[in-house]
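Protein chains: 2
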Amino acid sequence: MALISPSRRLRRTPFSDGVEAAGVKGYTVYNHMLLPTVFHSVEEDYRHLKEAVQVWDVACERQVELRGPDAARLMQMLTPRDLRGMLPGQCFYVPIVDETGGMLNDPVAVKLAEDRWWISIADSDLLLWVKGIAYGYRLDVLIDEPDVSPLAVQGPKSDDLMARVFGDAVRDIRFFRFGWFEFQGRSHVVARSGYSKQGGFEIYVDGTDAGMPLWNALMEAGRDLDVRAGCPNLIERIEGGLLSYGNDMDRTNTPHECGLGRFCNTATAIGCVGRDALLRVATDGPVRQIRAIEIEGPVPGCDRFWPLMDGDKRVGRVTSAANSPDFGTGVAIGMVRMTHWDAGTELRVDTPDGPRAARVREAFWI
Amino acid sequence: MALISPSRRLRRTPFSDGVEAAGVKGYTVYNHMLLPTVFHSVEEDYRHLKEAVQVWDVACERQVELRGPDAARLMQMLTPRDLRGMLPGQCFYVPIVDETGGMLNDPVAVKLAEDRWWISIADSDLLLWVKGIAYGYRLDVLIDEPDVSPLAVQGPKSDDLMARVFGDAVRDIRFFRFGWFEFQGRSHVVARSGYSKQGGFEIYVDGTDAGMPLWNALMEAGRDLDVRAGCPNLIERIEGGLLSYGNDMDRTNTPHECGLGRFCNTATAIGCVGRDALLRVATDGPVRQIRAIEIEGPVPGCDRFWPLMDGDKRVGRVTSAANSPDFGTGVAIGMVRMTHWDAGTELRVDTPDGPRAARVREAFWI
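So the protein lines, in turn, are chains C and W.
Counted from 1, the first sequence has number 307 at position 306 by the working numbering; the numbering is strictly sequential.
Counted from 1, the second sequence has number 248 at position 247 by the working numbering; the numbering is strictly sequential.
If you are wondering where the hints come from, they were derived from the structure by calculation, not from laboratory data.
Take these hints with a grain of salt, some might be off.
Cut-off 20 Å, straight-line C-alpha distance, at most; resulting in silico cross-link-like pairs (SDA-like, lysine to any residue) [what the hints assert, rightly or not]:
(1) W:Lys26 / C:Ala3
(2) C:Lys26 / W:Lys51
(3) W:Lys26 / W:His41
(4) W:Lys26 / C:Leu4
(5) C:Lys314 / C:Thr330
(6) W:Lys158 / W:Asn217
(7) W:Lys26 / W:Ser42
(8) C:Lys26 / W:Gly302
(9) C:Lys26 / W:Asn217
(10) W:Lys51 / W:Pro214
(11) W:Lys26 / C:Asp304
(12) W:Lys26 / C:Pro7
(13) C:Lys26 / W:Lys26
(14) C:Lys26 / W:Val25
(15) C:Lys158 / C:Arg224
(16) W:Lys26 / C:Gly27
(17) C:Lys26 / W:Pro7
(18) C:Lys26 / W:Asp304
With the rest of the complex left out, here is chain C:
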């Protein structure tokens, strides 16, 4: 692996000082911002995440804020998920599609009020798409990236840690709901959500200057809980089937190919830009779809498509892979053609280190 060269373009976050002090060893870049990838080792971070509690700098989940009389209309234009029943205080995972039904992002929409939304984005400049659509349709809406930076608290001891800093009321936040909670006189959105299957919260930290005081308070309050700086963990997220935009899907994929059909209500999502393009695939289903793939390990790091083969025939590709300590196998996410996507189908995956036996699974590991 090579080093990452610092520059202003790879934006630091309100928590970067804390991340560095905790001895971050690796980064990726996400929304033009630094995202830590490893502190001790990916395996050690994984073990700790499953047993204790971690604080994650996920400021790179930037917000696209929609504000104004046309905010709700615009939000529905962006996604085939029917948002009519969504209430302020709720978070919805929303596939965002272009006019062809291709995925532009897979963010979490946060409904702050009828006329105010945050879109907590994955790795693409969704702001540009949203601004372009709003301008083209002359909508009455303000669109901007506010100074709001998510900090995640993840792991089985998350509730205990959060209660110490924000009070016991945080325990009552239901999954994908949020409330406003005070810290040092400022109010922050706190949601029960996060990019792991170990439970936890995301604090939408309001204001760069509030970042390090909160980081430090969480570290201090959780000392006896063995709190550590952490980050989204490659192994755990694959085991849990958490997709990564840009890795597991991109603009060439429909939500249905990504297994996100349950988040689409294409028939009733009136106004959605990609609605017409998606109606047929919403009814008939896709011809390829994301699957959990078990691979005979050990597998190398996956930094490119690995072809999934049935003999000489290419039937799909692996896009994320890791070696799972808990399941004692290579765990992977791949896109597989309909002809070969049934659970139990035996395939071969061609990795840069050579071919490996692979098997399509019924479900992810958790």
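With the hints as your guide, set chain W onto chain C.
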């Protein structure tokens, strides 16, 4: 510095195998793609760039292709530069602005034909803005990212190296013009352009599979010219005043603030989305502008805004900085308020390593 974690999301390029074989030591991420930053050392790469010839993997300069009857209309909507006089075969540096006149990108537009353009982009997902505008205005135009990856040949011996591979006709290409040149039976756009002041070309390599054969041919043909793998060089580009989108400017800046007023014809750029917003600043001028800043060295790496101070008063900020061997000083790019932007103004810059004396220059170093 920390390591960069590989993943499919940080896309490899058609030339990555060559880059790795040449011993790349550092990367940045640009348009979700790996961009090498250093091979030997930034200083050694700099010296070699100025004396010999380098081959650069700049595949991360992705193309946004516009094709169809409304392509030219759409292209003019994107920029305040008047494109009416532009001919096929020309390249134009075009500030791209949003409806407020804020910079979204500073690409090179390549006019392939009246109804076919490439926009060779800096680091933002401009495709999403262009698609959004085209959809909102119901334009008859296809917009996509083709499988075209620029490979730059830069340095004083560029003409000699290119002539050996593409024939002597490449010597006749004028600055910011291009022609079609064959390599192994396939035709590629070759332009006299590039992100250095040392002269050279950019080959818009058509097709991933054509990448490594061309890379290898250039390396082979240039052996006695001391050809090496290289990359945009931080020191050289600051000396030459080559701006970097995301470092030196972003969506909060107008082209005029970036000193790009000479590329704007706001009055006659009919149809440009940001025209109304820019008319006044185009006439009156901006209240802050990019300047070359000389800093008493040595300076640390610049990965955040460095405040430019006049006593207690903040009058600007530095966004890129390096230590120049040739000029024996810290060289920097900064944005300075009108009250303090005159050449010779003495300022202080607050770096993370402490304050440094700084001086506004009349022009960049080259």
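Practice problem: Go through the numbered hints given earlier and state which of them the structure violates, listing their numbers in rising order. | Solution: 2, 5, 9, 10
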